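**Q** On the provided structure of chain F, position chain R as indicated by the hints.
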Amino acid sequence: MSRLRKKRAHGDVELNLAAMLDMAFQLLTFFILTFKPAPVEGQVNLRLPPPAPIQSANATKDLGSDTSTNELPKGVKTLTITIFPNERGDLAALGIGEAPVSSLAALESKLKTIFSDPSNPFDQVILQVGKSLRYDELMRVVEVCTRQTLPDGHPLSKLSLVELPDGSK
Amino acid sequence: MESTEGTPNLTPILDMVFQLITFFMLVINFKSASMDLTLRLPVVGSARPVDHQGEVDLLVLNINDKGDLNVYGIKKNIEEYIAGEAMTSRLTARRKGAKIEPGDELPTTVVIRADRSTPFYLLNRVILACQQNGFRNFALKAMNKEQS
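Note that the protein sequences, when read in sequence, are chains F and R.
Under my numbering, the first sequence has 138 at position 138, and the numbering climbs by one with no breaks.
Under my numbering, the second sequence has 69 at position 69, and the numbering climbs by one with no breaks.
It is worth saying that the hints were derived from the structure and are not from the lab.
Predicted, not measured: the structure shown is a model, and the values here were computed from it.
Errors might be hidden in some of the hints.
To be verified - Within a straight-line C-alpha distance of at most 27 Å, the following computed DSSO-like cross-link-like pairs (lysine-lysine) qualify:
(1) K66/R x K76/R
(2) K99/R x K158/F
(3) K77/F x K158/F
(4) K145/R x K36/F
(5) K131/F x K66/R
(6) K66/R x K145/R
(7) K36/F x K31/R
(8) K31/R x K75/R
(9) K75/R x K131/F
(10) K75/R x K36/F
(11) K36/F x K76/R
(12) K31/R x K76/R
(13) K131/F x K76/R
(14) K110/F x K158/F
(15) K66/R x K31/R
(16) K145/R x K31/R
(17) K36/F x K66/R
(18) K145/R x K158/F
(19) K112/F x K77/F
(20) K77/F x K131/F
(21) K145/R x K112/F
Okay, chain F solo, but in the shape it has when bound (with noise of 0.2 Å):
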């Protein structure tokens, strides 16, 4: 154990530090410089399936044809949401079919009272939009949407987003 000791002491190893000292300042100003965090960021989670043709409840021509079937057609249980934007892009108008809507809140106290209703089983539910509706508008009417429940305790998140043809705004 002596001649260790003894070995150690004439040895003596002194380390350069400063080279690693360099070497970690510079690695710490690379992540100071590229740290950047990130905002918290939300999301509404949809399914956008493309819209399937809506077929007239008194187009019983096409609605009788199938004889092996008792089920509905698809798309003829479809619920239309009209959105109609202004000249700054704000909501200005809203419909459900073909009935106006004063208001967000009178669209989700009517779109409660249609999905509680267990006899309105919706194939599928449409969004048409104007042309020039902002984004964050839009987002309050899915908003709305996606706060509601189905007759199957699953919530709304299956929508379809039509753009209102020109002359509608």
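**A** Below, chain R alone, put in the same frame as chain F:
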């Protein structure tokens, strides 16, 4: 002069620098490079952060108020880029054993980060391109409160 000469002990400063490096290494997130932080996202109260833990394939699309698609700061042709990403998603799914034919629904979730003032017809162009290529699952990014 010679009598005052001394060597500074660099060990504590090195320790501190290494601790700082460790901190920055742990908090750095290169995913944020794919996000265009100049976009002003809409504010939606019910929007909640979701952590997929890397289990879901994501396709992040940054759309500015002119309807341009920016990927890592480079403007891309919307239709071509989405078609290319759809092919990549299909090949990735096939490698994982899924049987996906052209026209089938893709397992990738499209993350849309659009500026709040983007008109709907420009946004819809991107959504339609995604739908035509088989994407069905979308995540619309929003802030849940206004940022100062």
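**Q** Which hints from the list above does the structure break, by number from lowest to highest?
**A** none
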